[in-house]
Amino acid sequence: MSNNILEVKGLCKYFGGVKAVDGIDLQIPKNTIQAIIGPNGAGKSTTLNLLSGTYFPTHGSIQFEGKDVTSLSLHQRVHLGVARTFQKIRLFKQLSVLDNVIAGFHIHHHIPLWEYIIPGKAFKKDRLDCQQEALDLLKFVGLEHRAYDRAGSLAYGQQRLLEIARALATRPKLFMLDEPAAGLNDTEVQFLMDRLISLKNKGITIVVVEHNMKLVMNVADQIFVMDHGEYLFDGKPSEIQSNPKVIAAYLGAEIEVAHE
Amino acid sequence: MSNQASQKSSFPRWVWFALVFAAIAVIPMLVGGSAYWKSILISIVLNIMLAMSLNLILGYTGQLHLGHSGFFGVGAYATTLLIQKAGFNFWIAMVASSMMAGVIGILLAFFATRLKGHYLAIASMAFAVILHQILLNWDSMTSGPLGIYGIAPPPAMTIFGKLIKFNDQVNLFYLVSIFAVLVYIFLDNILRSPIGETLRAVREDEVSAASLGINTKLWKIFSFGVGAAIAGLAGSFYPSFVGTLVPDSFAVVESFTYLAMVIVGGMGTMIGPVIGAIVLTLLPEVLRDIGDARLLVYGITLTLVILFMPGGIVQGFKSLISKKTSTTSSSN
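Chains as they are written, first to last, in our numbering: chain A, 1 to 260; chain B, 1 to 332.
Just so you know, these hints were derived from the structure itself, not from any lab. Mixed in with the good hints there might be a few duds.
[As the list claims (entries may be wrong)] To be clear about the criterion: a stretch of chain B counts as covered by chain A if any three or more of its residues have a C-beta under 8 angstroms from a C-beta of chain A, and this derived list gives those stretches: (1) 170 to 177; (2) 186 to 196; (3) 207 to 215.
[Stated by the list, open to error] Partial selection, computed: residues in chain A whose CB lies under 7 angstroms from chain B: (4) Leu72; (5) His75; (6) His106; (7) Thr170; (8) Pro172.
Every residue, glycine too, gets a C-beta built ideally from N, C-alpha and C.
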């Protein structure tokens, strides 16, 4: 088996006549942070939706740890160790912060069937373990003090972090984040960068679709640039910054804005 | 709404159950010899079972299901027909017809849960209408609109050497109450388990739920299956206390009564549907003396509850209590 956790060949997604993603090849090595960047409408989020199984591709194949997962849907890929967050935050807003994370343990319960009806030792142990592990995850994203508040009452940046904690509860090997820094302030972006690197150090492979160049350039090991649904360039952050094609398509405008 | 901290507060659960059993034992004595009120007590308990089971589908899984009367009807007719035409014992017929209602619930969910919101509501309502029409028109089986008469109560049982007959409505009330308590404990336990978390996740956001590995279709089917089986169980006791069975008892309108019970009591809480069923079964009876004006009062009460307690009576009381405690303790 190769060292790649994810191998994508000829990935296409057409919406009617629109070619949102058109022939992407992508290899993601284990235990790295891969960023996907590109101008608005380049097909980054669609690519992430295809990789996670939220959409099915029109053509192409996706292999996860050497296994073909092209036809597996979102919830099936979670069982293999793929987790994701959403560009538009999708929390269980009416539930408590803690209950949001606990819901993420769905695939990890070990309770014999009868204990669902007559709770016993295994049931109680599961409840306590879930609670403790969820609190640990909340601590990891700095939200343990809000554990019993309603998720909908959190500030925007905190909601993004909660979504990350909830997805981590599935214990992923491959974690995909769709614009995690969108709407965060500088301190929060700094914290997020720190958390992503810490996850990588724990052995989790990360794919991040992001517009925030500070985050991308600082945490990514490898950057994949898309434009008009197609591959444009890929390489290390330093190579990306000096590539004329990338600058023309995307970075040029961005750098000017962020110059200050 | 459902955080674990609030569930642990107040009395331990066994205290509550002791109080409930005491109440069940005492209540029939309060109504004295009135056969009419005894029969109302039984219908309250059946309505509690129906509201609780609808709440599983509607309040916990978030599926706008408007055909619950259909499952109730399956339970009632299947039990009676299995006894009369196939010679089944009541208890076996009860189990079989609950399972039948459950299977029909699973089949309905298999097709209907592709739909969401209003479309699911229409599809599930259509199911109840179709079932009502089958009961009306399958003359050879159901006797159509004439109905089935002279249905016997469950057979007598000997407990601790005492013969207990269920043509005595007080005994029948105790019997259905025991089943209602069992249903409550069953639902309460599974909703405190990871299954409860899973169903609530499906209710809140299906895409998010799928991103946590939840097979949303499967769990919606589960919810419909269990909810339908409980409604079927309630249905199997219905003919034995009314004595007659006519299709109109399972008209689609009845589904809206159960819906009102869940909403007025408090959707997505365990105790809400119980309170809703008690209030909305008693209200028309208490108001019977004022004639047709009772419909007006009933309607106004419903409107007021929904206007001023959008989360139902349970939520209304909860916010009232939390307001009081926050003004007295001034902390937080």
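Checked hints:
Beta-carbon proximity to chain A at under 8 angstroms applies to 0 residues in the stretch 170 to 177 of chain B; the threshold of 3 is not reached and the given coverage is violated. Counting residues of the stretch 186 to 196 of chain B whose C-beta sits closer than 8 angstroms to any C-beta of chain A gives 7, which meets the bar of three, so the coverage hint holds. Interface restraint, the stretch 207 to 215 of chain B with chain A: holds (9 residues with C-beta to C-beta distance below 8 angstroms; minimum three). Taking 7 angstroms as the C-beta contact cut-off toward chain B, the hint placing Leu72(A) at the interface is violated, the least distance being around 11 angstroms.
With a least beta-carbon distance of about 4 angstroms to chain B, the hint placing His75(A) at the interface is held under the 7 angstroms criterion. Among the interface hints, the one on His106(A) holds; its C-beta lies about 5 angstroms from the nearest C-beta in chain B, closer than the 7 angstroms criterion. Interface restraint check for Thr170(A): the shortest CB-CB distance to chain B comes to about 6 angstroms, inside 7 angstroms, so the restraint holds. Interface hint status for Pro172(A): violated, as the beta-carbon distance to the closest one in chain B is roughly 10 angstroms, over 7 angstroms.
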